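*Asks:* Here are the chains, one letter per residue:
Protein chains: 2
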Amino acid sequence: MKIQNWILLVLASIHPAFALWPMPRTLETGTSLVKLSPAFKIDVGIAKAPQDLLDAVSRTTTRLHTDKLQRLVVGRGSSDSAALARAPSLTKLSLSLTSAGAKNVKSIMAETTKDITERSESYSLTLPANGAQASIIANSTLGLLRGLTTFEQLFYADAAGTTTYAFQAPITITHDSPAFPYRGFMLDTARNFFPVADIKRTLDAMSLVKMSQFHWHVVDSQSFPLTIPGFPELSQKGAYSSSEIYSSADVQDIVSYAGVRGIDVLVEVDTPGHTAVISTSHPEHIACAQATPWENFANEPPAGQLRLASPATANFTAGLLTSIARTLPSMLFSTGGDELNVNCYTQDAQTQADLKASGKTLEQALDAFTQTTHGALRALGKTPVVWEEMALDHNVTLSNNTVIMVWISSQNAAAVAAKGLRLVHSPSDFFYLDCGAGEWIGSDATANSWCDPFKSWQKAYTFDPLASLTASQTSLVLGGQQLLWTEQSGPENMDSIIWPRAAASAEVFWTGATLPDGSPLNGTTALPRLHDVRFRMVQRGVNAIALQPKWCALRDGQCNL
Amino acid sequence: MKIQNWILLVLASIHPAFALWPMPRTLETGTSLVKLSPAFKIDVGIAKAPQDLLDAVSRTTTRLHTDKLQRLVVGRGSSDSAALARAPSLTKLSLSLTSAGAKNVKSIMAETTKDITERSESYSLTLPANGAQASIIANSTLGLLRGLTTFEQLFYADAAGTTTYAFQAPITITHDSPAFPYRGFMLDTARNFFPVADIKRTLDAMSLVKMSQFHWHVVDSQSFPLTIPGFPELSQKGAYSSSEIYSSADVQDIVSYAGVRGIDVLVEVDTPGHTAVISTSHPEHIACAQATPWENFANEPPAGQLRLASPATANFTAGLLTSIARTLPSMLFSTGGDELNVNCYTQDAQTQADLKASGKTLEQALDAFTQTTHGALRALGKTPVVWEEMALDHNVTLSNNTVIMVWISSQNAAAVAAKGLRLVHSPSDFFYLDCGAGEWIGSDATANSWCDPFKSWQKAYTFDPLASLTASQTSLVLGGQQLLWTEQSGPENMDSIIWPRAAASAEVFWTGATLPDGSPLNGTTALPRLHDVRFRMVQRGVNAIALQPKWCALRDGQCNL
Chain A
1 MKIQNWILLV
11 LASIHPAFAL
21 WPMPRTLETG
31 TSLVKLSPAF
41 KIDVGIAKAP
51 QDLLDAVSRT
61 TTRLHTDKLQ
71 RLVVGRGSSD
81 SAALARAPSL
91 TKLSLSLTSA
101 GAKNVKSIMA
111 ETTKDITERS
121 ESYSLTLPAN
131 GAQASIIANS
141 TLGLLRGLTT
151 FEQLFYADAA
161 GTTTYAFQAP
171 ITITHDSPAF
181 PYRGFMLDTA
191 RNFFPVADIK
201 RTLDAMSLVK
211 MSQFHWHVVD
221 SQSFPLTIPG
231 FPELSQKGAY
241 SSSEIYSSAD
251 VQDIVSYAGV
261 RGIDVLVEVD
271 TPGHTAVIST
281 SHPEHIACAQ
291 ATPWENFANE
301 PPAGQLRLAS
311 PATANFTAGL
321 LTSIARTLPS
331 MLFSTGGDEL
341 NVNCYTQDAQ
351 TQADLKASGK
361 TLEQALDAFT
371 QTTHGALRAL
381 GKTPVVWEEM
391 ALDHNVTLSN
401 NTVIMVWISS
411 QNAAAVAAKG
421 LRLVHSPSDF
431 FYLDCGAGEW
441 IGSDATANSW
451 CDPFKSWQKA
461 YTFDPLASLT
471 ASQTSLVLGG
481 QQLLWTEQSG
491 PENMDSIIWP
501 RAAASAEVFW
511 TGATLPDGSP
521 LNGTTALPRL
531 HDVRFRMVQR
541 GVNAIALQPK
551 WCALRDGQCN
561 L
Chain B
1 MKIQNWILLV
11 LASIHPAFAL
21 WPMPRTLETG
31 TSLVKLSPAF
41 KIDVGIAKAP
51 QDLLDAVSRT
61 TTRLHTDKLQ
71 RLVVGRGSSD
81 SAALARAPSL
91 TKLSLSLTSA
101 GAKNVKSIMA
111 ETTKDITERS
121 ESYSLTLPAN
131 GAQASIIANS
141 TLGLLRGLTT
151 FEQLFYADAA
161 GTTTYAFQAP
171 ITITHDSPAF
181 PYRGFMLDTA
191 RNFFPVADIK
201 RTLDAMSLVK
211 MSQFHWHVVD
221 SQSFPLTIPG
231 FPELSQKGAY
241 SSSEIYSSAD
251 VQDIVSYAGV
261 RGIDVLVEVD
271 TPGHTAVIST
281 SHPEHIACAQ
291 ATPWENFANE
301 PPAGQLRLAS
311 PATANFTAGL
321 LTSIARTLPS
331 MLFSTGGDEL
341 NVNCYTQDAQ
351 TQADLKASGK
361 TLEQALDAFT
371 QTTHGALRAL
381 GKTPVVWEEM
391 ALDHNVTLSN
401 NTVIMVWISS
411 QNAAAVAAKG
421 LRLVHSPSDF
431 FYLDCGAGEW
441 IGSDATANSW
451 CDPFKSWQKA
461 YTFDPLASLT
471 ASQTSLVLGG
481 QQLLWTEQSG
491 PENMDSIIWP
501 RAAASAEVFW
511 TGATLPDGSP
521 LNGTTALPRL
531 HDVRFRMVQR
541 GVNAIALQPK
551 WCALRDGQCN
561 L
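Those protein sequence lines, which keep their order, are chains A and B. FYI, the numbering used here numbers position 427 of the first sequence as 427, with every residue one higher than the one before it. FYI, the numbering used here numbers position 533 of the second sequence as 533, with every residue one higher than the one before it.
Next up, chain A with everything else stripped away, as it sits in the complex (with noise of 0.2 angstroms):
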């Protein structure tokens, strides 16, 4: 154990990478210094280059400046001053698509928002010892913003603030590229709602680990802080307050701003369960809506589910799904379809007698539901994701491109593949933010959450995307998020409860199973890389939280046991 800890630790003094988050898929680093120029420029050589391209150089530009991070050693940003003073000046980073890039240029926006498995974001990085000009080399505009998201990582500030440098050079990534394409985060905006502002500084963290999709709950049976064109009763009637709103430019806003930052928005609206608000202005459509006791009707208060066995609540349904799947840019859109609860709608009158006048049972009443919800959404040229449940315990016919969130355990993911489906990991048992609060049903002094203990970023990070498949089902895993659903969290903690946790998914579907010496993940060696990225957060506005005492941080391994 002990020998093992040394090992680690001069392994870590050989490559000191701590700035990296994720880590690249390869990485040669020296030991010189180099300090940015007060000329320095980022020149994008590319013709006609997109404006989302130009404002995420302006971007990495500033915060070259702002972040004003200094190095987490005893000494901090003094311990490099000497050297920094004979250090060499960089003047120029330059970015270029490759020739086959530059063929067919895109924005960022429409890089990230192609179909999952057909967005580039690879990218190739060089920054030399001798101030000779630094480059990035990408196939497409999201390819050079991953790399210039490697760039700000890899400088600092010394002691007075004024000169930014980086350590480590010369710098060499010869390839990068992620592991699996979907790195994401949920976020439920319904438990309790979450304005914009909140949300847009999510996606700048989750950018700034490189993340590829946000997955927003946007609704759920408390609360519909969605507008959707043509549906406006929904939120009128179902959102929290006028003030709790999410407006088409609000959505549009969120889309954007992700989009531009290489994240695409995944929204969900999940049905048929989980949508007791609607009651609220369509209750024609809602069984069991509002029912008590809640528990016999709902995993969770309160109680209100699709009338899925109703025609016209199948086409109100589509109708409503299509309304906004259609203004959103991504090909991904979830239908939920979670946690259905069979009494439900055993004691609704309304889909028994819809039932009967069908003679389908519920299950093939869900079936045609669904076909019908994602049919309407396939003619848009969406691409259906569902919660696990429609995979596993339904006779759900799914098309074959279907995405599925296997989220009850992780245990489910190799049963998902052995139908063929594509799988997207969201296991409670490693990436559930919200587990490890108490209970908050009620008072029960001696009820932990129900999915205790605590996830912390430890656990996360040993999660293995390829466990229990085999070979040919690897490709059916699209990567994986970690999840915080918000019936205990709100603006006040959504930093402290995501960051930086949820980064740990981020760097295992990125850098995948090895770092580039071959050597596998571990959390010894990520532990100092994660402190960076958790204060460059702090420094950006983000309060993620501490994972040890400053003195911890400092010191790479001392606290180790």
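Misleading hints may appear alongside valid ones.
Derived CB-CB ranges, DEER-like [as the list claims (entries may be wrong)]:
id	chain 1	residue 1	chain 2	residue 2	range
1	B	LYS200	A	ALA160	25 to 33 angstroms
2	A	PRO232	B	GLY75	17 to 25 angstroms
3	B	THR446	A	GLU244	33 to 41 angstroms
A partial selection of chain B residues facing chain A, derived with a Cβ cut-off under 7 angstroms [to be verified]:
id	residue
4	ASN192
5	GLY490
6	SER496
Hints in this document: simulated from the structure, not taken from any laboratory. Every value quoted in this text rests on a predicted model; they were computed, and no experiment measured them. Glycine residues also receive a C-beta, built at the ideal position from the N, C-alpha and C atoms.
Please arrange chain B on chain A, whose structure you already have, making use of the hints.
*Replies:* Just chain B now, kept in the frame of chain A:
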């Protein structure tokens, strides 16, 4: 179960005193609305009223208009609009002292910093239903402050945010006073640093729930952010950085800010353990400084303890303790005393030589060390406070007014009381706010926090201060506190990890075992009031965490299982 809930629901609708936290000892309410007149004034009927009382009145007056908290019911501020139009207007709240209290008027600060057993916090309050003047009467300015705090919690804003009103007039509190004088919160500012502004915001929230004591665990092995007159080197070399130091002016600022808000500040300089950082300026006084592996020498990294067997070290320690203690108005001062590691001294050649020279055992030397430090504090008129090990695990002679912090287990209070010593409940099994967030030492993916699980508000709220004590021992209980150790916390998450959870003990130790109607405290009726105080905190800029979905917060009882 369901019948019980039904009864509680009926009780809640009879006494919907959602606003008050902690619940007063007596309370009678009506159902009438009274709004604040535009001419509303608080009249201080006290000759030569102390400035800090006038300032408190000013803060209350401001907050009555700036809180803008709408009632937590469906419809929020709109729900009372019809009745509000007809409501009488309140033009005056009068504050007065009893004739006994008027004889010797002291500032709130002076009352707050009296000996913990001699503070007078009681008050009475009336708010008539007809718009006639409201009144608060107390024996001291501190009692008036408590009454003002209650008064603020009676008022809500209408939907427009232009009218402030109470909805339960007439309101009569014949007598309110705390069951226990020590109602505290402990913050560790050594593992991670907290700027003064963050501490002040915490004090604001503490005052809102009538807490009386801020236990400031200001220094520890990891950093020494405290400026001690005559010992500037301790913070100059031991703080995390020059910007992470509490100057003497900062300390006075915090102490004064707390004092005028009814909160006495108990500063702790932990000794003889938890002192590694002193080795940065005084290596001669520290045994096993940063010895490795740290787990052989300390409960946490880095290792290091004062050389308690050295007379020079004892004198040095007494000197620094008295140097800071004499600048503080509080009668209480803590010398710590937790988690002493014997092996550290066994391995320390100097300590062994010192023991040999004096002919003392380590325990005898600890006793002598404690006599030196406590004697020096008593010479200043201070009452020493220590962690429970000093009373239960060591052969240390403690003066019988010493205050013992019981932390290892709530079960240990009985043993402390059996020794006739006074105690403050600080049990890790109920009141440690840091539990349940995973392990912070290293990268073990299977490890949970040492005091798992998370201590929910529901758990804290069931704490019985007098459990296992005899009737004659009850007077030894000064009160209790929730505590935040900050290995995994900083300014980023402090509000959400502290609030509203720490309000649980504030009510347990103010209200005592029973509510005004004689029924025992219970979480089910507490929840809507805790929502209320949490929402009020958020309105005041304290990022208190959501306890439930807002849907539940607006519908008392409907989310209970």
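*Asks:* Each of the hints needs a verdict: does it hold here or not?
*Replies:* Against the structure, the hints come out as follows:
1. B:LYS200 / A:ALA160: 25 to 33 angstroms: 29 angstroms, holds
2. A:PRO232 / B:GLY75: 17 to 25 angstroms: 20 angstroms, holds
3. B:THR446 / A:GLU244: 33 to 41 angstroms: 40 angstroms, holds
4. ASN192: Given a least distance of 5 angstroms, the restraint on ASN192 (chain B) holds.
5. GLY490: 4 angstroms, holds
6. SER496: Holds: closest Cβ of chain A sits about 4 angstroms from SER496 (chain B), inside 7 angstroms.
In summary, this structure violates none of the numbered hints.
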